[in-house]
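Residue strings, one per chain:
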Amino acid sequence: MSAAPLRVLIVDDEAPARRRLQDLLADINEELPNIVVGEAADGIEALERLGVQAVDVVLVDIRMPRLDGIGLVQQLARRQAAPAVIFTTAYDQYAVRAFELSAIDYLLKPVRAQRLLLALKKLPRAGIDAVALRRLAPEGRRHLTSTERGRVLLVPLAEILYLKAELKYVTAHTREREYLVEESLVHLEQEFIERFVRVHRSCLVSRAAIAGCERGVDADGETRWLVLLHGMAEKLPVSRRQWPQIKALLKDDGL
Amino acid sequence: MTSIRQNHEPPRLPDFCNLGVWLRVLLGVNLLAALAAAAACRTLNELPGELARLSVFVEPPLIASLMLLCLVNRSILRLDYAAGAAVVVAISLATTVGAQVVLIPFEADAAAPASLIAALLWAALITGLLLYTFAMRARLQSPALAEARLMALTARIRPHFLFNALNAVLGVIRSDPRRAEQALEELADLFRVLMRENRELVPLSDEISLARKYLDIERLRLGDRLQVKWDIESCPPDALVPPLMLQPLLENAVYHGIEPALQPAEITIRFSRRGDQLLIELANPYAVGASEHAGNQMALANIRERLMLFFDLEARLETTASDGRYLVRMLMPYRPGPAE
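Chains as they are written, first to last, in the working numbering: chain Y, 11 to 265; chain U, 8 to 347.
FYI, nobody ran anything at the bench for these hints, they're computed from the structure. A portion of the hints provided could be inaccurate.
Some but not every residue of chain U turned toward chain Y, in silico, with C-beta under 8 Å [as the list claims (entries may be wrong)]: (1) LEU75; (2) GLY178; (3) ARG181; (4) PRO184; (5) GLY230; (6) GLU266; (7) LEU269.
Each pair of labels, with its calculated beta carbon distance range [as the list claims (entries may be wrong)]: (8) U:ARG336 x Y:GLN255: 50 to 56 Å; (9) U:ARG185 x Y:HIS197: 27 to 33 Å; (10) U:PHE198 x Y:PRO43: 35 to 41 Å; (11) U:PHE198 x Y:ALA36: 26 to 32 Å.
Yeah, the Cβ is synthetic: ideal placement off N, Cα and C, and Gly gets one too.
Using the sequences and the hints, build the whole thing.
Here is the structure:
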């Protein structure tokens, strides 16, 4: 092993479980130099820590409040330099079967030092295996995240009416407010093709939120088709290129 | 003390496609035939001949009846007992007549109508006797079955809880050995109860103390997130209740109400007496839209079935979910225990 110790982040909502992993990591420190750079009590806290702290490996409990382990790793998988991930879980035969099918490593609680050492030694070199993750959680992400002044906010996908690209960033619009999202519109469109439809080069609209269409004038004074949304006054312009697809969609829905 | 109420269900017909039933019928009928043959012989030398002669008349209708009964098995089981039994007797008589009609021409000393009536009487008698035996057997067996079911139902322990608890004990064992000791002692007490034969009603106070031990173990890993409010003021202290009802309900409440919440959340437990009924209410917060966990339904079904085994239809378990709280109401007959 090289000189730099492995930087570990422990994520578990139970204090004794975090304590136990601390103890075990200290026990194997001679064989595998490591340093616990932080602890988090749920997925959101973990994302906040990861925003300010470089980490090599995250030990993640599966069942946690707010954002659970799977949700956390789904968020991490989007990142360029994602840390390696090892799940920890108390016995749950369904979860264990899912893990056996995917290639992501997991530790059964109570964790044993030797087993932890083994898992840390055979860490995958780069990031998170997206295919394995999809096998583990086929339903995909349920949230986008938005960071505001160091705080991570969860934006439930079900609440997003539309996503808009503006110059360098993307905003997610819900009924209440808008959030800054650090993801590209192209990726979002690919990942959530079932949920959102592109109406314009810079805009994805939730299929469920579309109430209908009307002819109108857009911000540039051009006459074009506008998408109407349920429970929102704002009308979104449809580009000439996307109009045939939107028209077909409306016809299918009988609108 | 009999704690399990025996259900007075009407007797049921045996499953005529079951190999064991066939075996019993064949053995029974042949034994009776052998006795009849023995009675008809004057010397032992005649016995084999007499047996052979009888079996020609006995076996064909017997096998034919069993095959026919297996064919119509499903339809008979749907009828009520008396009608089903009548069908069984009718089939046995019909095959007897059939066998007589086919076989008598080959029988040298056939005695015509008299032997037909005798054969029918024998067939009816033997069929009736067998049906009676099966009914008695079923009645003898059912309480044993109920008891076995009860044992199987109470023996279930959620692995989720056990492994999380052990993990929590390991987590504090170095920093707070005394707390770890206490938790292991409580775990031992809990498992002693989980593993004993939980066939009899127990004092409610025992159930409450067991529940407190369980909650103490959970508090080790959940800390202040787990808040519990007991309302036992109007609780009859001498009431007898089925064992291990509270703990699984609390386990559900912790799993669905406490674990998913970041902030401290409260479980409330209330006991009260309403005339000759004991009411136990347990409520926990729950997140709207949270997926129904299959384990929850299983635990509730398990408790419902045990309530039924103990109290038949006199006990009830209802659940309601409203305003972000999940409420379980358990109503059962108030059974005062012996005065201490």
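Comparing the hints with the structure gives:
1. LEU75: Status violated, d = 46 Å.
2. GLY178: holds, 3 Å
3. ARG181: For ARG181 (chain U), the interface hint holds, since the closest Cβ of chain Y sits about 6 Å away, which is under 8 Å.
4. PRO184: violated, 13 Å
5. GLY230: This hint holds: GLY230 (chain U) lies near chain Y, its Cβ roughly 6 Å from the closest one there, short of 8 Å.
6. GLU266: holds, 6 Å
7. LEU269: With Cβ-Cβ at 4 Å, under 8 Å, it holds.
8. U:ARG336 x Y:GLN255: 50 to 56 Å: holds, 53 Å
9. U:ARG185 x Y:HIS197: 27 to 33 Å: Given a distance of about 53 Å, which is not inside 27 to 33 Å, the answer is violated.
10. U:PHE198 x Y:PRO43: 35 to 41 Å: holds, 40 Å
11. U:PHE198 x Y:ALA36: 26 to 32 Å: Since the Cβ atoms of PHE198 (chain U) and ALA36 (chain Y) sit about 31 Å apart, the hinted range of 26 to 32 Å holds.
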